[in-house]
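Each chain, letter by letter, is given below.
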Amino acid sequence: MGHLKNVKKIIHKQNLVKLTLDIIIFVGFLIAMEPGLTGIAIHEWLTIAGTAAFITHLLLNWEWIIQITRRFFRKASGQARINYVLNWLLFVDMVLIMLSGLIISRVVLPGWGIHLSSNHSWRTLHSLTADLFIPILGLHVALHWRWIVSTIKRCVLGLSPVRKSSRTIDVQEMQV
Amino acid sequence: MKLLIRILIILTAAAIISIIAIAVVNDNGLVQTALASLSGEGERLRRGSGNQDGIAPLFGGRHLEERSVGNMERYGLGSGVSGVSLLKNLTIIAAIVLIYWLAGKFVGVIRKWAVQKPLNIIET
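First to last, the protein sequences are chains A and B. Residues in the first sequence are numbered from 0 upward in steps of one, following numbering that gives the first Met the number 0. Residues in the second sequence are numbered from 0 upward in steps of one, following numbering that gives the first Met the number 0.
Looking at chain A on its own, in the form it has when it is part of the complex (with noise of 0.2 Å):
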């Protein structure tokens, strides 16, 4: 009884950490997508400390992506293999904001003396994959929305989680 109530407890600690820095990055992410508002240096120093964040909440969930990789094919719920691909969708869209941004960058590059030649084709691509980024983000919110709702619950206003055997499934199942 002891021991559950512990691994209760980590899970608990766990959750809470996943779901403030997924809050962070969120956040983070939908100021760094104004650069009007901030100016172009803090969207790109923002950009790039918002890739450690995204790193970090890939470890996090890292357990998760290998189930889902192991059972796609064989196991997995639809649901779970939605947000799966949608998740890789994400990481390809990322990585190429990531990419097109650092490529025309006028603040990080330039100042560590590095000068990268840029066609108006990786400035489009920035502004295309960041455009796509916000629908991509709102699916992933979307289909992550019972797991933030029942974490704000019970880590941050300590109230218990409703008991729904299919739901249980289901959360487990949402992580990342």
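Treat the hints as calculated values from the structure; they're not laboratory data. Each hint should be verified, as a subset may be incorrect.
As the list claims (entries may be wrong) - Just the calculated beta-carbon pair ranges, DEER-fashion: (1) A113(B) x T68(A): 31 to 39 Å; (2) A52(A) x L85(B): 15 to 23 Å; (3) I21(B) x V148(A): 38 to 46 Å; (4) K152(A) x I21(B): 41 to 49 Å.
Even for Gly, the Cβ is constructed at its ideal location relative to N, Cα and C.
Model the placement of chain B on the given structure of chain A, informed by the hints.
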């Protein structure tokens, strides 16, 4: 060690995507034309007019960069214009979440009804 390997896997995946993107965007004229079209510069690119130096500056991005810097100065900090876009992004995300949530509720109601109806028929 485990953590380092995981980070390396993530960075390797990112590097592979980057190499493919660089190869495609830099070496493929078709992709460049498509991207230019998507940004609304396609017509200018096809005609090759509008620039004194032909289409070269378009790929060099000089004119557009100048225009972009102009926009940045115009819609800079405190202009109030940028906040609208931030709100717009947040609204799009909120709308997607709301639609998904409502769709989930709708499917739930339909499912419940589909299960309940045969049970009612059996009872009567």
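Evaluated hints:
no.: 1; hint: A113(B) x T68(A): 31 to 39 Å; result: holds, 34 Å
no.: 2; hint: A52(A) x L85(B): 15 to 23 Å; result: holds, 19 Å
no.: 3; hint: I21(B) x V148(A): 38 to 46 Å; result: holds, 41 Å
no.: 4; hint: K152(A) x I21(B): 41 to 49 Å; result: holds, 45 Å
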